[in-house]
Amino acid sequence: MTTALLDNCLVVGAILFVLGAVGFLTRRNLILVMLSSELMLHGVSLNLVAFSGFHENLRGQSFTVFILAIAACEAGIGLALTLALYRRRKTLDIDVWSDLAEVAPRRDEAAEAAAVAYEADRGEEPAFPRLTPAGAVPKDVPRPYEVQARESADV
Amino acid sequence: MIGLLPVLVLLPLAAAAALALLRPTDAQTARWSALVVSLSTLAISLYATYELSQARPLRTTDPVAPRYELRQTWMTVPRLGDAPDVRLEFYLGLDGVSALLISLTAILTTTAILLSWNRIREGRTAYFACILALESGLIGSFCAFDLLLFYVCFEFTLIPIFFLIGIWGGQERRRAAGRFVLFTLCGSLATLGGILALGAAAAERWNLATPFSIPDVAAAVAIDPLPFALQVGLMLAIGLGFAVKIPLVPFHTWQPLTYVEAPTAVTVLLSGTVLKMGAYGLFRICMPLLPDAVESIGVPIVATLSVIGIVYGALCALSQSDMKRLVAYSSLSHLGFVTLGLFALNVEGTTGGVLQMINHGLSTGAIFLFVGMIEQRYGTRDLGRFGGLATRLPALAVCMIFVCFASAGLPMLNGFVGEYLSLSGMFARNPAYAIVGASGVVLGAWYLLTLIQRTFFGPVREPQTEGPPPPDLRLREFAAAFPLMALCLAIGLYPKPLTDLIQPDVDRVVRLYDFNPVTPQVASAETAEESDDR
Amino acid sequence: MSDSLAEILIATILAAPLLASVVIAAFGKRLLREASAWPCVAALAISFVASIAFVLAPSEHGATAVAWKWIDVGTLDVPVAFRVDAMTAVMLSTVTFVSTLVAIFSSAYMHGDRGYARYFAAVSLFVFSMCLLVLADNLLVLFAGWEGVGLCSYLLIGFWYEKPAAAAAARKAFVVNRIGDLAMLIGLFLIWTSFGTLDLPTILSAEAIQRVAAETYGPLDGHAILVTICLLLFGGAIGKSAQFPLMVWLPDAMEGPTPVSALIHAATMVTAGVYLVARCTPLFLMAPEAQTVVGLTGGLTAILAALIALTQNDLKKVLAYSTVSQLGYMFLALGAAVAGEAAATAAVVAAMFHLVTHAFFKALLFLGAGSVMHAMNGEIDVRGFGGLRRQLPWTHATFLAGIAALAGAPLLAGFWSKDEILAALKTASSEGSFASYFFALFVLAIVTAALTAFYSFRVYFLTFWGEARYSHDHVHPHESPPAMTGPLVALAVLAALAGLILGPTGMFNHFLAHTPGLPEAHEHHFDWTVALLGTLATLAGIAFAYVAYVASPDLPRKLAAISGPLYTLSLRKFYLDEIYGALIVLPLLFAGRLFSALDRSAVDPTIDRVAGAPRAIGAFLRPNQNGRSGWYALAMFAGVAVLMVAAFASLFRQRVEARVPVEATPVSDRADLQGGSR
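Chains as they are written, first to last, in the numbering used here: chain W, 1 to 155; chain D, 1 to 534; chain X, 1 to 678.
Derived from the structure by calculation, the hints contain no laboratory data.
The structure displayed is predicted, hence computed values, not measured ones.
The reader is advised that the hints may include incorrect statements.
Unchecked claim - In silico lysine to any residue, SDA-like type, Cα no more than 20 Å apart, as pairs:
{"hint": "1", "chain 1": "X", "residue 1": "K426", "chain 2": "X", "residue 2": "A531"}
{"hint": "2", "chain 1": "X", "residue 1": "K163", "chain 2": "X", "residue 2": "D113"}
{"hint": "3", "chain 1": "X", "residue 1": "K163", "chain 2": "D", "residue 2": "R385"}
{"hint": "4", "chain 1": "D", "residue 1": "K496", "chain 2": "X", "residue 2": "K69"}
{"hint": "5", "chain 1": "X", "residue 1": "K163", "chain 2": "D", "residue 2": "Q453"}
{"hint": "6", "chain 1": "X", "residue 1": "K29", "chain 2": "D", "residue 2": "P471"}
{"hint": "7", "chain 1": "X", "residue 1": "K426", "chain 2": "X", "residue 2": "W528"}
What the hints assert, rightly or not - Which residues of chain D face chain X? A few of them, derived with a C-beta cut under 10 Å, are:
{"hint": "8", "residue": "S319"}
{"hint": "9", "residue": "V347"}
{"hint": "10", "residue": "E348"}
{"hint": "11", "residue": "T351"}
{"hint": "12", "residue": "P495"}
Claimed, not checked - Quick list of the computed label-pair ranges, beta carbon to beta carbon:
{"hint": "13", "chain 1": "D", "residue 1": "D82", "chain 2": "X", "residue 2": "M644", "range": "28 to 38 Å"}
{"hint": "14", "chain 1": "D", "residue 1": "R175", "chain 2": "W", "residue 2": "L19", "range": "23 to 33 Å"}
{"hint": "15", "chain 1": "W", "residue 1": "W97", "chain 2": "X", "residue 2": "L651", "range": "34 to 44 Å"}
{"hint": "16", "chain 1": "X", "residue 1": "H510", "chain 2": "D", "residue 2": "A479", "range": "56 to 66 Å"}
{"hint": "17", "chain 1": "X", "residue 1": "M644", "chain 2": "D", "residue 2": "R23", "range": "54 to 64 Å"}
{"hint": "18", "chain 1": "W", "residue 1": "W97", "chain 2": "D", "residue 2": "L35", "range": "47 to 57 Å"}
{"hint": "19", "chain 1": "D", "residue 1": "P300", "chain 2": "X", "residue 2": "D608", "range": "25 to 35 Å"}
{"hint": "20", "chain 1": "X", "residue 1": "L598", "chain 2": "D", "residue 2": "I159", "range": "26 to 36 Å"}
{"hint": "21", "chain 1": "X", "residue 1": "T202", "chain 2": "D", "residue 2": "Q54", "range": "27 to 37 Å"}
Cβ coordinates follow ideal geometry from the N, Cα and C atoms, glycine included.
Please construct the entire structure, taking both the sequences and the accompanying hints into account.
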């Protein structure tokens, strides 16, 4: 493998990684966040494979195989968790799960009810998870951390 | 003998752990087993002290040399280059000073357990577990000869004290517990920094394999001291934690609050032993390891603060109307004699300072004991509500008067010997401090006798109590107080066994300072005799 | 006397009262009850007999005994050592004799008191402490006895602790004494640093004193050190012997039972200061400035207390002030020792002689006062007495003997000892560099003698002569039981005759001159002019008292009206208590208030504010912990980015410094990246 080819591979890997990173940071939908993290993982895997070819040994490739296997497990567990989370709150908005804030938030029943109602409004069929638009704040859903930020300002 | 050392440290800790596992309802088991454990610790510590007093003195001239020691490498940290690996040790040792302080701790713990026998009504198992854990930490810090181990034990005591005050204390217990822990933690953070820096400096300068071992560092210091500026910095950092603990004057405000809010048994332990860790730290760490800084900077600072503390505490005590607060301030005043003596840096003064640690533990502990008994009987500590109790509680009155006089430094009782030695040592170093400090003798008599007069003398005036009139001294209460009072008298009459135990260890340290209290000619004659003895 | 016998005797003198005290304290309340007095009396009698043995068979250099090593640290070596020399023997036998009589008296006087056993336990302990003080051969042991008698004085003044005045007086006595003790303590420190020991024989030996005098100590020379030491020791004596300015505690101490006043606050404890200064004569001889201070203090106190005593109406208070005044007299004598070595012994002997005679007649007077109080149901104001000589014949006769001795009536005990003091003062006013001072003091002493005669006969006439001023409905005066009159008679005989036997015969002088450390004494001559002056002053005082209180009873009222503010000044004790209260006690209490307020309102909040700093920082950082995973992830990325930039930057700098261009080594050629698996 030539240096030029290596460079190309690395560029593609970097693009993949950055795309994943940007998605990871900006998306608020649990499934998309997971997808973005997979993207990052594969950007790294591509780097490893490219270097493996460049150095003409199998180390990078064996790492990649490991990563693939682990990513598969991770996806399995992650999706199962996502499903469980969805069942709890009827929404995929990641910001609903902000219990680790500095002052532990009280569960905001109203916000959750609003989220459920929002989901329910979208159609009459059983509410499937839907993608929340990236970055944009859903119109009618008050976000828990805002409520709680106002509260903690009093403390 | 050596095998007994870890037993002394670990027995109360193990017992505390076992007690913590008991069901909360097993109060009877808890207090009896706590008593048995504390008594056996007491027996071991007394035996160890006795053994020590019989042992032949060490020949070495190192500034710090435990007469029994147990060293185990705890972990080894590799260093770059040719320097030897740094060993962190579990280094327990025993010399005269630590043996006496351990015995004091064991005595006062037993007293505290007896005092809390019926007093504590909730969570007894946890309470006694905390007391035993505290004892373990105290003993550990008194026989630690490794800087880190000392620090660990020093800090470990905070945990049980926090719970003891915060759970079983008075009205404002939370604030008191929080303040106590925060105060001492802040101080000891500086101490930790100082200790680590000292260890690093020791490893760097003398290539020591055990830069945290106090005797090793002290031996190196005696030959090749650290640079002066570094010593001063280290002394200020390390001393800060001890100054808070003792406490020296601007750092004392945790003391009245804590003493008042803590349950009486804990107050006895706090004033009797926990504070001594501070003074002990000064003696064990600052004095042998940082001699130049101590002599030129430490003496003026500590002596000034002690003298201020003596007068300030005494005057504050005069104006208190809460008995416990009064005794708390008196304790502040009396600890001034300890630090004043320690920093005389001659055999007489420093021995007096160490002896005064023991004396203060005994007499102030005993005063708190009796104040607690009065509080238990009447549910209040307000001096304004008492009067003429000597008619109601004659035996208690006699005991209280006895310990007050012991505390006021009446000759033939323990306080006098310590105060006299401390002050005369300081007088030889710098008369001004000793003269101002000695005024505490007058003020001390004043406020203690005021306490007695207002509580016990005059026409009978006592707060309303429900049920039968409060009984005079009970047998169990007397049993708790008797050893303290007997020791007060014994030490006052014949302090020589104690001073003989203390003196060799003090002698090693103060030899670093090369200071003779008596005028040259006489001194030469005296030292000639002494050198014959040696 | 053989050494072992001496040791046994010393041990007996100390052990008997201590043992009695312990026994009474342990068993008195339950078992002995009304018999509690007997162990005490027996023990004191035993001590007295043992003490007398030392008087009868004196040893030239003093008998010594060492009990144990008390403190032995470094150069501070304090054995519990005792010594009996001539001065000690005199003091010991006086103390034990008076205390035995007082104990017998008390056994009747205190009868029926709830604290009967407690009383005798404390009295025994007091005698033990006093003997310890007297016998001590080491200044620290002496100090132990010194504080011990202070403790017993505290316990006995506050004996009726239910009485607030008694409790307050007890505390006052102890604290004021402590002020003197503070000076003495500092004196001990100074002695230790200059002499290197606290053993009395060494300190009082000529060589040691010479050596210290020749030495310099920092800014001070040896002489200044000696003067300072003497002044500090005298400071202790001022406290214990109630001299100006620390005399305020003694009159208040009269709140205790009257026999206690007789024993502790007249005959024994208060004379400890005199004893201390007398014992340290060799030191004081080297410090004439200090001796002058002693003399001036004594003279000032003598006249001040005598002036106060003129107007007091409380019988015990008058006696208390007269005690203060007489103690001042003794210090006058000690001060007069300044007139060179030749006169020193005579002066010291005069002081000790007066100490002994004073112990007899003042104890007698207090016991007599106690007997009067006993008869009058505890009444103590002389204005409530009158004409008691018929109802109380024994008390009257003995009291008269005592009062005449106190006044210095010719041939009675007080006359001889006072005469010796005046003679010593006269010598001092003719020699030495401080002669002019001592001439003034001599005049002062004569005036004081007249005043003493006046006020002592004033209370005597008011009590025993004139009309009865009490109501016969409530009070039926009756003579006291034999257990009380017996000691009175014994003391009265001594008060009348002791001077005549011991003084003019020179017995006392010869005996006391054997005390080691006192310079060689000259033969004692009786000084007729001085005796005549003293007698005239005394007789004038007595005559005036007779005129004012028997012949024309209106005179005192007129005099008081004429003197106006002066009378009030004397009646209010020169406002000393008030002055001290305003100048010392109140400011200290105020400072205490201030400091504890400072603690709560200044130090505490400051520290709380410092402790608030972390909270403020936390409030600043808090919004970051908002629970949004995206924010956390961003922080993580940012952190990694920073680290990577830093790592690359340092790598780049290394390359630049090594002057190796980044591209110079193709990656494929670098061995370290190739691995070994090729």
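Task: Given pair status - D/R385, X/K163, alpha carbons within 20 Å - done: holds (17 Å)
Open item on the list: Given the hinted pair X/K29 and D/P471, is their Cα-Cα distance within 20 Å?
Closed with: holds (18 Å)
Task: Beta-carbon spacing of D/D82 to X/M644 - inside the hinted bounds 28 to 38 Å or not - done: This hint holds: roughly 35 Å between Cβ atoms.
TODO: Could you see if the CB distance from D/P300 to X/D608 stays within 25 to 35 Å?
DONE: Taking Cβ atoms as reference, D/P300 and X/D608 lie about 29 Å apart, which means the hint holds.
- [ ] Quickly compare the C-alpha distance for X/K163 and D/Q453 to 20 Å and report which way the hint goes.
- [x] holds (11 Å)
Open item on the list: Less than 10 Å between beta-carbons is the criterion; does D/S319 satisfy it with respect to chain X?
Closed with: holds (4 Å)
TODO: Look at the Cβ atoms of X/M644 and D/R23 and judge whether their distance stays inside 54 to 64 Å.
DONE: holds (56 Å)
Open item on the list: Against the range 23 to 33 Å, how does the distance between the Cβ atoms of D/R175 and W/L19 compare: consistent or not?
Closed with: Because 55 Å falls outside the window, the suggested range is violated.
Open item on the list: What's the verdict on X/K426 and X/W528, does the C-alpha distance respect the 20 Å limit or exceed it?
Closed with: Holds, because 12 Å separates the two Cα atoms, which is no more than 20 Å.
TODO: Starting from D/K496, check that the Cα of X/K69 is at most 20 Å away, please.
DONE: holds (7 Å)
Open item on the list: For the restraint on D/P495, tell me whether the closest CB of chain X is nearer than 10 Å.
Closed with: holds (6 Å)
Task: Agreement of hint D/V347 with chain X interface, Cβ distance less than 10 Å - done: holds (3 Å)
Of the numbered hints given earlier, the model fails hint 14 alone.
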